[in-house]
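Given chain G, work out where chain Z should sit, using these hints.
Residue numbers (our numbering), protein chains in the order written: chain G, 1 to 613; chain Z, 614 to 883.
To be clear, the hints were calculated from the coordinates, so they are not data collected in a lab.
Note that the coordinates shown come from a computational prediction; the quantities given were computed from them, not determined experimentally.
A portion of the hints provided could be inaccurate.
Using 25 Å as the maximum straight-line C-alpha spacing, the simulated BS3-like pairs for lysine-lysine come out as follows [stated by the list, open to error]:
#: 1; chain 1: G; residue 1: Lys206; chain 2: G; residue 2: Lys190
#: 2; chain 1: Z; residue 1: Lys679; chain 2: Z; residue 2: Lys843
#: 3; chain 1: Z; residue 1: Lys843; chain 2: Z; residue 2: Lys819
#: 4; chain 1: Z; residue 1: Lys843; chain 2: G; residue 2: Lys351
#: 5; chain 1: Z; residue 1: Lys867; chain 2: Z; residue 2: Lys819
#: 6; chain 1: Z; residue 1: Lys843; chain 2: G; residue 2: Lys358
#: 7; chain 1: G; residue 1: Lys358; chain 2: Z; residue 2: Lys823
#: 8; chain 1: G; residue 1: Lys351; chain 2: Z; residue 2: Lys656
Quick look at which bits of chain Z chain G covers, simulated, 3 or more residues with Cβ under 8 Å [to be verified]:
#: 9; region: 754-760
#: 10; region: 820-827
#: 11; region: 865-872
Label pairs and their calculated CB-CB ranges [unchecked claim]:
#: 12; chain 1: G; residue 1: Arg400; chain 2: Z; residue 2: Phe742; range: 51 to 61 Å
#: 13; chain 1: Z; residue 1: Glu662; chain 2: G; residue 2: Ala382; range: 27 to 37 Å
#: 14; chain 1: Z; residue 1: Gly651; chain 2: G; residue 2: Gly460; range: 23 to 33 Å
#: 15; chain 1: G; residue 1: Asn398; chain 2: Z; residue 2: Tyr808; range: 53 to 63 Å
#: 16; chain 1: G; residue 1: Pro409; chain 2: Z; residue 2: Glu818; range: 43 to 53 Å
#: 17; chain 1: G; residue 1: His511; chain 2: Z; residue 2: Lys779; range: 39 to 49 Å
#: 18; chain 1: Z; residue 1: Tyr808; chain 2: G; residue 2: Leu486; range: 48 to 58 Å
#: 19; chain 1: Z; residue 1: Tyr808; chain 2: G; residue 2: Ser314; range: 47 to 57 Å
#: 20; chain 1: Z; residue 1: Val832; chain 2: G; residue 2: Ser314; range: 23 to 33 Å
#: 21; chain 1: Z; residue 1: Ile791; chain 2: G; residue 2: Glu605; range: 19 to 29 Å
#: 22; chain 1: Z; residue 1: Val832; chain 2: G; residue 2: Pro409; range: 25 to 35 Å
Backbone N, C-alpha and C fix where the C-beta goes; we use that ideal spot for every residue, glycine too.
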Amino acid sequence: MRSIGLKRESRMANRRLFGSAPGLWLIRVLSVLCLSSVWTLGAAQFLTALSPSTVTVGEEATLSLVFEGGAPASAPALPEIPGLQVQYVGQQSQYNIVNGQASSTVTLNYQVVPLKPGDYLIPAFSIDVEGKTLTSRPLQLKVVAGKAGDTGAQAGAGSLAFVRIMAPKTNLFVGELTPVEIQLFILAGKPLQYPEMPTEGITVGKMSEPGQTRAQVGNQVYNVFVFRQPMTPARAGQLTIGPARCNVEVQLAQRNRRRSFPSMFNLLDDLVERRQVTIQSEPLVVTASPLPTHNVPADFTGAVGTFGMQVSASPTNVSVGDPITVRIRIDGRGNLDTLSLPAPQGWDHFKLYPPSSKVETTDPLGLEGIKTFDQVVTPQLADLKELPAISFSFFDPNKRQYRTLRQAPLPIVVSPATPVNLFTPAAGGAGAGAKPTEMAHIKSRLGNPVIASVPLFMEGWFVGLQGIPIVIWLAAWIHRRSQERLLRDPRLRHRREADRAVKQGLKHLHHYAATGQSEAFFAVFFRVLQEQIGGCLNLPASGITESVVEDYLAPAGLPEDLADELRALFHFCDQARYAATPSNPEMESWLPRLETVLLRLKSFEPTNISRPL
Amino acid sequence: MSHLSGNILGQWRYLLRVLALVFLLGGTAMPGLYATVGSDFIKANRLYEEGQYLEAAALYQQLIQKGHPTPALYFNLGNAYLKSGQIGWARACYWLAREAAPRDPDIHMNWRLLEQQAGPEPVTWWHRFLRPSRWLSLNEWILVAAAFVWIILGLFALIQWRPSAKPRCRRWLQLSLIGGVLAFLGLLMSLCDHYGISRGVVVTEKAEIKRGPIEESQVFYTLSNGAMVKVIDRQFDWWQVTDPNGRTGWLPEKQLVLLRPGRISIPWPK
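Just chain G, with the same shape it has in the complex (with noise of 0.2 Å):
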């Protein structure tokens, strides 16, 4: 009864995992009766079984976990076993009655995905079951590569993503400075992240960008990633770089998976499953040596690689105290950012500043390039000819030996300068392009002052003047306006010539009315009268006499009280011209009427004029 039942689960756990493939299921089931075992505690029964149990890597194989007349609250968690990746999928129930007695059967399936070939054992594992602990005995796997007969020639051959550390040296030297590689193989996928590479008793740089190329591996094509990074070894003896670590995702081909009808919407999906795992390499172990202890030169610095020197100075043409700059520049391969200089000897005459460095590397991890030092000094005497020799030492890795770099003295001409307690009053200036040797004395002159403490344009007055030819401008401009206005508009010229001759007018009729002179006084009168209404009518003022009020002006609107009073005025120079002589008092009585007629005409506007005089 009991084999039966485990028939009928385990068909259904194929079916439902491998599909319905006439005939498989069978050979498929028998081999899980191959590889189950039973073991009876009381009520519950618990056994476990693993189809299929040879796979290639990538295929899947189903765990199953299968416990009669009870079963545990939760799937367990199994535990990890490196190179497998083990994942619960689901369970499985099931009721049997035989001759009237009914049994339940629950099936936990797992699904275990080998990422590289080897044989592989489930160990056994625990379950508490009701309140019972059972326990699972051991399952083999065994997991060939992806293709018969393909065992791989490098190691990882086959597997679906591999990581591995690379180093073109690994016996170096302390201080020594060479890349190191974490490459990462991955037969379909991408990393998820940067590896990780603990390391001990190594200095290591910082990781470049990776590269990416693609690599054949025993029979298969691997997309390999390339991280580099500059290590150092900090110490003597055996180091260990690694194990690396990485997070990548794989693409698996979800072979022998039925399809599901919403899975029919989406092909690839249900072709290719995306699973993240965590692949590790071997360690790489380094050997470093120290450096030598014998012929290690004086200025020796701990400088390690393959350097070039080249020293200049500036300028070499000084007087005592100038300062020179003295530019070594090295270049090379090794550690830069730690090279220094020796401790400068043979400069006692001269005043050293502390250099200033720069590095400029020409490789992205810093391998190589070239370290400026700009060295400031000073000369102290006069009589000095040649900055003193430079050299550098540095240990040679590929010779295995101390090697010194020298640069000869470089000439130079110092010469001597005045001290300011020496200085003497000098008579009179200097000349400006002269070398100045000697202090120019005070002046006995107080001078002009300063134009400004601060730029004349903060000033406000200094602003506000540079407003006046704007002003003037303007005013020329409108002044020219005005004159252009007045030779287009010749009725205008004429009042206003008009305007200026009674003005000028009435100022000699006060005069001539002051001192008697009479003639002179309604000579003028009458010429105030005629330019004022030539003016007006824009009529010759000539030609202007009393019967104009009645021609011109009457028809065009003057009030009858103007005319009335002009007419008057006009006969009061008549009389006056052929009657008696007026007083004074007489004349001075009249001026304030015809100003008051003047005034009135000034500003009458002439609304119909018929006819020109």
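Just chain Z now, with coordinates in the frame of chain G:
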């Protein structure tokens, strides 16, 4: 028209009379003012000749602070400071004197002497290119440019006033426009020279330039009295400076006198 021109001439005569009166009043007032300043100036010179440099410096400084600065005062004060060993203050005074009187050979002579003693001025190739503009001071450039503006606008006004004068004015106008453009170019160069870089002078015996604007910061390098630096920034009581060798560090505020662009004044020592 003759009447009009008569009026204008009358107004000009009036204006000239007013200006003459102003100059007359000024001419009578200024000698009185400078008589007092002059006597103090002579007194300070006498102290200097007697070797009492600090007393002479105090008197020169007092005259400047009273508001009567002249290039000669700045120059003599610089000499007094130099003789008393205060190279930084001397350099600041020569700087001010040079700003006020850029063509004075005595000022240039002593300035170059200090350059030999305390190091060069922090300049770039750009400032060397602008150096010819130092033939005139900034205010002189401003005055020259303003004068050309006056001339050009005056000529334009004359042409408006008297259109018949246009043919005669045209040549002058062309010359004035060329002169105006040159003057404004010179002004622009002078402005760039003054405002393109902020300079300062170390006025303490030894200035320790630190890597950061805090007292506990590591000393980067030291500068001697009178060294000139390029001032980049200010934080709290610290100046960020760059020396002529391009090294940038921080210096306490009290150890430096900032030479403000275009300003002929500094915070004087007490």
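Does 51 to 61 Å hold as the CB distance between arginine 400 of chain G and phenylalanine 742 of chain Z, or does it fail?
-> Distance hint for arginine 400 of chain G, phenylalanine 742 of chain Z holds at roughly 54 Å.
Going straight from one Cα to the other, do lysine 843 of chain Z and lysine 351 of chain G come out at no more than 25 Å?
-> holds, 22 Å
Report holds or violated for chain G covering the region 865-872 of chain Z, Cβ cut-off 8 Å, minimum 3 residues.
-> Not satisfied, violated; 0 residues make the cut.
Keeping to a limit of 25 Å between CA atoms, is the pair of lysine 358 of chain G and lysine 823 of chain Z held or broken?
-> holds, 19 Å
Hint says 48 to 58 Å; check whether the CB-CB distance for tyrosine 808 of chain Z and leucine 486 of chain G agrees.
-> Given a distance of about 51 Å, which is inside 48 to 58 Å, the answer is holds.
Would you mind confirming whether the straight-line C-alpha gap from lysine 679 of chain Z to lysine 843 of chain Z stays at or under 25 Å?
-> violated, 30 Å
25 Å Cα cutoff - pair lysine 351 of chain G, lysine 656 of chain Z | violated, 42 Å
Measuring from beta carbon to beta carbon, are isoleucine 791 of chain Z and glutamate 605 of chain G in 19 to 29 Å?
-> violated, 53 Å
Are 3 or more residues of the region 820-827 of chain Z near chain G, judged by a Cβ distance of less than 8 Å?
-> Since 0 is below three, the answer is violated.
Measuring from beta carbon to beta carbon, are glycine 651 of chain Z and glycine 460 of chain G in 23 to 33 Å?
-> holds, 30 Å
Determine whether the Cβ-Cβ distance between histidine 511 of chain G and lysine 779 of chain Z falls within the hinted range of 39 to 49 Å.
-> holds, 42 Å
Does lysine 190 of chain G lie within 25 Å of lysine 206 of chain G when you go C-alpha to C-alpha?
-> holds, 21 Å
Violated hints, in rising order: 2, 8, 10, 11, 16, 19 and 21; the structure is consistent with all others.
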